[in-house]
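Asks: Line order of the protein sequences matches chains A and B.
Reminder that position 383 of the first sequence reads as 382 in the numbering used here, one-by-one numbering, no gaps.
Reminder that position 95 of the second sequence reads as 94 in the numbering used here, one-by-one numbering, no gaps.
Careful: at least some of the hints might be erroneous.
[Unchecked claim] Listed next, the in silico DSSO-like pairs over lysine-lysine satisfying Cα-Cα at most 30 Å (straight line): (1) A/Lys7 with B/Lys21; (2) B/Lys153 with A/Lys360; (3) B/Lys162 with A/Lys7; (4) B/Lys162 with A/Lys78.
[To be verified] Label-pair ranges, simulated between beta-carbon atoms: (5) B/Pro252 with A/Asp393: 39 to 47 Å; (6) A/Phe289 with B/Thr282: 34 to 42 Å; (7) A/Lys82 with B/Glu145: 53 to 61 Å; (8) A/Asp393 with B/Met0: 55 to 63 Å; (9) A/Lys159 with B/Val364: 48 to 56 Å; (10) B/Lys342 with A/Thr71: 46 to 54 Å; (11) B/Gln345 with A/Glu52: 57 to 65 Å; (12) B/Met0 with A/Thr281: 27 to 35 Å; (13) A/Met0 with B/His12: 46 to 54 Å; (14) B/Lys21 with A/Lys10: 41 to 49 Å; (15) A/Thr376 with B/His12: 35 to 43 Å; (16) A/Glu155 with B/Ala13: 33 to 41 Å; (17) B/Gly115 with A/Asp301: 43 to 51 Å; (18) A/Ser182 with B/Ala13: 38 to 46 Å.
[Claimed, not checked] Partial chain B-side listing against chain A, Cβ under 10 Å, derived: (19) Phe4; (20) Leu62; (21) Arg133.
Hints are computed from structural coordinates only; laboratory data are not their basis.
Note that beta-carbon positions come from the ideal geometry of N, C-alpha and C, so glycine has one too.
Number of protein chains: 2
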Amino acid sequence: MEYKFSDKVSKLHASAIREILKFTADPEVISFAAGNPAPEAFPKERIAEISAELFRDDPILALQYSITEGYTPLRDFLKGWMKEKGCFHPEFDDLIITSGGQQANELSCKVLLNEGDTLLCESPSFIGSLNAFRSYNVNLVGVDMEDDGIDLEKLEAAVKANKNVKILYLIPNFQNPTGRTMSLAKRKAVYELACRYDFIILEDDPYGELRFAGTNVPTIKSLDTEGRVIYSSTFSKLISSGFRTGYVSAPAPIIQKIVVCKQVADVHSNIWAQVVSHRFMTTVDREAHFNKLRDIYREKCDLMCSYIDNGFSKKITYTKPEGGLFIWCTLPDSCDMNAFCTKAVQEYKIAVVPGNSFSIKEDDVSHSFRLNYSTPTNEQIKKGMDILARMTRDMLD
Amino acid sequence: MEYKFSDKVSKLHASAIREILKFTADPEVISFAAGNPAPEAFPKERIAEISAELFRDDPILALQYSITEGYTPLRDFLKGWMKEKGCFHPEFDDLIITSGGQQANELSCKVLLNEGDTLLCESPSFIGSLNAFRSYNVNLVGVDMEDDGIDLEKLEAAVKANKNVKILYLIPNFQNPTGRTMSLAKRKAVYELACRYDFIILEDDPYGELRFAGTNVPTIKSLDTEGRVIYSSTFSKLISSGFRTGYVSAPAPIIQKIVVCKQVADVHSNIWAQVVSHRFMTTVDREAHFNKLRDIYREKCDLMCSYIDNGFSKKITYTKPEGGLFIWCTLPDSCDMNAFCTKAVQEYKIAVVPGNSFSIKEDDVSHSFRLNYSTPTNEQIKKGMDILARMTRDMLD
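All chains, please: the whole structure from these sequences, using the hints.
Replies: Now the structure itself:
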C-alpha cells in the first residue's frame, strides 16, 4: 500500500553524512568523515568499576523506572558545576537531564516554535540540529559566518526580514562543522540583539571542555540576565557517547515545557548511564581527566594540520580550531567540491564530508569539506592525510 | 520575561498521575498508583554478570556512538522472535530499536499525522501515549470500550464522523488502565475496518508476555496482510524499565521515516542497554524467565483481587485481568469518584489513580479508578487493601 506521511517529515531525509559513511564500510577507506570521540578518550576502566559497584550496592536504582527530570544527584551536581561556569542562574533557571544534547535542542524547538515560525542559525551548521528543526516544519534561515562567528549585520538583517523569529541557534565553541569559535564581543552583541528583538538564544556547547589551545571565552549563557538563553551540553565527548546523557539549563518555565515533552518522548533517559555519569563526575579528578582528553585531541589536531600546512595545495584554506573535533577546509571557487569529495572516497579511498551536508538551504553553494581528527588513529591520519595532500596537489597545482 | 510557547505544547500538562505520586512521597501512604514492575522481576544478577563481561570483552561497543536503527544483533534477534510470534513480516516489515515503547508510539504519530488529523483510541487509554499524541496537536477521539475491547459500532461511527482518520491506537492485551483484553473476533474486525477505511493501526503491546491466566490471543499485527499495522513493544516489563529499550515492527517505509525522526530525537538509544538486552535474551532460558514473572504477577493480582472479592462494597465492580499490571474498579454512578480518590489518599493514606486521568477529553466523566499490584509488596497490598475495603464499605454500604 501507499503511505502518506505528515508534511513535517515527508521532505525529511536521513543525514547525508550517513551516505558518506556507507563508503567507510570498505575496510580500505580511511575515514575523516565521522565525529566520534577517540576510543582512548573513554574512561572505560573507571566506568566498569562504577557500574560493578552500582550493581553490587543498588541494582534496582539502575533498573527501575525513574523520573523524567533525571537522576536528582546528577541534576544537583550539574546545577553546581554549571553555576561555577556561569551557565546556571539559580534565581531563574532550572536544569534537567536529556537523552544527549540532541534531545535538548530538538525539544527546545518543539516547545517554542509553531510550523512556519523562524529559527535562525549559523550557516553552515550541525546537520543533526538542522534536521531536528526541519522536522517541525519551521522557517530555517542561515546567517553567514566570519572567522570570529556569525556575521552581525547579516544577523540583524535576517531578524528584520523574517516573521516570528523565535530562536537563534548557535554553537559558539569550536563550531561543527567549521571549528570556529565566536569572539566575546560577538557573544555580547548577539545577546543584545536577542534582547532588542525579543528572541531566545539556543546555545549548543558539546565541545566547550575540549579547548586545547587559546583562552577560554565566556558562554552566552553566562551573559544572560533576562532569562533568554537555553544552554545545552552533553557527556558524549567527556564520558561516553553511547550513554546518551546530556543536559539543558534554561529559564524554569521553558524547562517545565521541555519536561512535559520529554515525558512523552522517552519517559526518562537511561538511568544506569545517569548514575554512572554522576559517580564518575564526583569521584574522579575532573581537571586531570579533561586535560587527558585535551592532550589527545591537541596531538591529533596538530598532526592533521601539519599535513595540511606542509602537504596540501596552497590554494586550499582552512580554519585551525582551538578545540573540538573538526577542521574546515575550503577549496578555490573554481573547484567542484562535490566532485572533489566523490573522487577522494572512490579513487583515493579517503572519506571527508562535503560542505553542503551542512547547508541550510538545498541550493546553498559550498566549496568546503569537513575533516575529523578524533576518530581515526594517528597512523590513519598520517597515511590518509598524505594521500589527500597528494590529491589536492594533483588536482589544484 | 514572558515566554510564548508553541500551540502544540501550550495546553499540554504533565501527567496527572504525577500529581498523585506527590502524595506517595509521604512514607505513610501506601501507593497503588504507580505502574512500575515489581523490583524482584528484574533479573539483576544476570544483568550485572553480562555488564561485567561486556566491559571486560568489548567496552568501546558499550561507550561509543552507535547507529540510529539500533544494535544489529538485537534487531536480528527481535526480527526472528517477532516472526515466530507473527509480529514481523519479512516481506514488507522492518524493525528498529526505540527508547522505550513510548518513543515508538510518539514517533508513529509524528511521521503520519499533521496537526488536526484524527487519531482514534480506546477510551480510557494510556496517558503517556495520549499526551504524546496531544503534543502534535492532533484531533484525539476516544471510542468507548466493552469488556472484550473497543465498541465496534462506535468505532465505525467515529471513523465516519471525523476527518482524516490516520491512526487507531490500541492496547489489545491487558489494556492500561482497564486491564481488559480484546477478543480475537474484535481484533479481526478492527483490522477489517482499517482496510475498508484506509487507516493505520498502532498496536501497543508492552504487557503481552505477562499473561498469567486464560489463553493467548493472536496480535493484530499477526493478522496484517496489507502492511497497515505498527507493532510496538518493550523490554521495560521483561528485563528493565530503566534501560529505555523498546522496539517497533512496521512496514519498511514507515520505519524509514521513524528512523529519520529518531535520529533527530536522540541519535540512538543507550547502546549498553541494547547490548545487555541482546545478550540476556539470547543466553537465558526465556520461557523460564517469563514464567517467573508471570508467577510474581499472578500471585500479586490474585492477592489484590481476593480483597476486592471479600472486602469491597458489592456496589463496586471491577475487571479481573489475565495479565499485565492493572485492575480497573468502577464506583456506582452516585459516588463522586474524584472525592473518593482524594479521601483515599488524604484520610486513608492509600493512593489510587482517578479514572479521569485516562480520559480522552477533559470533560469525560469517569466513575472508575486504577489499582496497580506490581509495585507494592505483598505486605503493602494486604495492609492497603484492607484499609481501602473498609473505606468502600463505610462510604457505600
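Asks: Run every hint past the structure and note whether it holds.
Replies: Right, here's what the structure says about each hint:
no.	hint	in the structure
1	A/Lys7 with B/Lys21	violated, 37 Å
2	B/Lys153 with A/Lys360	violated, 47 Å
3	B/Lys162 with A/Lys7	holds, 19 Å
4	B/Lys162 with A/Lys78	violated, 47 Å
5	B/Pro252 with A/Asp393: 39 to 47 Å	holds, 43 Å
6	A/Phe289 with B/Thr282: 34 to 42 Å	holds, 38 Å
7	A/Lys82 with B/Glu145: 53 to 61 Å	holds, 56 Å
8	A/Asp393 with B/Met0: 55 to 63 Å	holds, 57 Å
9	A/Lys159 with B/Val364: 48 to 56 Å	holds, 52 Å
10	B/Lys342 with A/Thr71: 46 to 54 Å	violated, 31 Å
11	B/Gln345 with A/Glu52: 57 to 65 Å	violated, 40 Å
12	B/Met0 with A/Thr281: 27 to 35 Å	holds, 34 Å
13	A/Met0 with B/His12: 46 to 54 Å	violated, 37 Å
14	B/Lys21 with A/Lys10: 41 to 49 Å	holds, 43 Å
15	A/Thr376 with B/His12: 35 to 43 Å	violated, 51 Å
16	A/Glu155 with B/Ala13: 33 to 41 Å	holds, 38 Å
17	B/Gly115 with A/Asp301: 43 to 51 Å	violated, 55 Å
18	A/Ser182 with B/Ala13: 38 to 46 Å	holds, 40 Å
19	Phe4	holds, 6 Å
20	Leu62	holds, 4 Å
21	Arg133	holds, 8 Å
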